[in-house]
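Engineer: Chain by chain, the residues:
Protein chains: 2
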Amino acid sequence: MWNFETTLRWTSGTTGAAGCPGKPDVTVSAPPEFGGEAGRWTPEDLLVSAIESCLMMTTLNVAQRQKLELKGYASKATGRMEKTAEGLRFSGVEVAIEVTVSDPALADKAVKTVQIAEKYCPVSNGVKFPVHVVATAKVG
Amino acid sequence: MWNFETTLRWTSGTTGAAGCPGKPDVTVSAPPEFGGEAGRWTPEDLLVSAIESCLMMTTLNVAQRQKLELKGYASKATGRMEKTAEGLRFSGVEVAIEVTVSDPALADKAVKTVQIAEKYCPVSNGVKFPVHVVATAKVG
Chain B
13 MWNFETTLRW TSGTTGAAGC PGKPDVTVSA PPEFGGEAGR WTPEDLLVSA
63 IESCLMMTTL NVAQRQKLEL KGYASKATGR MEKTAEGLRF SGVEVAIEVT
113 VSDPALADKA VKTVQIAEKY CPVSNGVKFP VHVVATAKVG
Chain W
13 MWNFETTLRW TSGTTGAAGC PGKPDVTVSA PPEFGGEAGR WTPEDLLVSA
63 IESCLMMTTL NVAQRQKLEL KGYASKATGR MEKTAEGLRF SGVEVAIEVT
113 VSDPALADKA VKTVQIAEKY CPVSNGVKFP VHVVATAKVG
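One line per chain: the protein sequences are B and W, in this order.
First residue of the first sequence? That's 13 in this note's numbering, and the numbers climb one at a time after it.
First residue of the second sequence? That's 13 in this note's numbering, and the numbers climb one at a time after it.
In case anyone wonders, no lab produced these hints; they're calculated from the structure.
Any given hint could turn out to be false.
No copy is singled out in the list; a pair is fine if it fits within one copy or between any two copies.
[To be verified] Straight-line alpha carbon distances no greater than 30 Å define the calculated DSBU-like cross-link-like pairs of lysine-lysine that follow:
#, residue 1, residue 2
1, K88, K35
2, K35, K140
3, K79, K95
4, K121, K35
5, K124, K88
Build out the structure end to end from the sequences listed, making use of the hints.
Structural biologist: Following this line, the structure appears as structure tokens:
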């Protein structure tokens with residue numbers, strides 16, 4: 013079993029200091045549409061980034077087990093939140109992942125590696141809404 | 013509908029730069045137990061902090077609607093991840109919230125405000141595992 017501990021301290025308005033022992037604080041605020049400070053990470057951003065970054069860590073882990081050398085990895089993610097009868101709810105997250113390999117012959121294996129990671133990623137498997145991953149491989 | 017966009021770029025090892033347009037990057041890494049760099053936010057930390065900070069934003073919003081003036085808000089959260097037959101999975105997050113009010117007569121209302129926020133918080137309602145909130149009010 014693994015524990016992950018975080019802290020939060022309200023500073024002013026809807027802004028606070030999100031902490032994690034031994035790690036730099038992240039200033040968080042509500043989205044500007046909900047009265048928050050612009051230019052700050054929101055809880056919704058953190059959730060989308062948690063999914064996106066967990067997919068990367070899991071992909072790197074699967075690639076290492078498969079002895080697949082990746083030359084690069086980058087992604088973009090978009091989370092969608094909607095108004096429902098129960099309040100605001102996430103309806104889905106899309107993640108576009110581009111992995112780079114040195115040889116065109118490895119492109120298919122690289123895409124499959126991301127697909128395997130999707131099945132194991134603890135964060136994307138921890139959410140109720142669909143996480144849709146589109147993986148592409150480029151040679152470089 | 014609201015969209016939340018994030019980006020991620022692998023830098024080295026299991027470390028990457030998590031981005032959000034117009035906001036400072038956050039360096040993310042795998043947990044040290046999984047080969048990551050110590051002192052970095054992990055995807056698991058981001059998930060726990062997303063839940064924790066969304067509960068704060070929602071509480072502040074409910075308090076405002078109820079014309080309850082809060083003097084302070086701080087919390088600690090712990091996420092638990094376990095090995096299962098399907099891979100690593102979150103089994104729960106505990107959030108201990110302490111709100112500060114100026115008058116002892118407002119303590120119960122403050123605790124109820126957090127309980128209402130729990131029902132509306134989009135992030136904690138977006139996860140499959142239980143989020144257990146314990147709210148206390150202090151006077152100060």
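Engineer: If a hint holds in the structure, say so; if it doesn't, say that too.
Structural biologist: Structure-based check of all given hints:
In this assembly of identical chains, the alpha carbons of K88 and K35 lie at most 30 Å apart whether taken from the same copy (24 Å) or from different copies (15 Å). Taking the shortest alpha-carbon separations for K35 and K140, both the intra-copy value of 29 Å and the inter-copy value of 27 Å come in at or below 30 Å. Taking the shortest Cα distances, K79 and K95 sit within 30 Å of each other only across copies (23 Å), while inside one copy they are farther apart (45 Å). Proximity of K121 to K35 under the C-alpha cut-off of 30 Å is found in neither arrangement, the shortest distances being 35 Å within a copy and 34 Å between copies.
With identical chains, the CA atoms of K124 and K88 are at most 30 Å apart within one copy only, with a shortest distance of 18 Å there and 38 Å across copies.
This entry does not satisfy hint 4, going by the numbered hints stated previously; all others are met.
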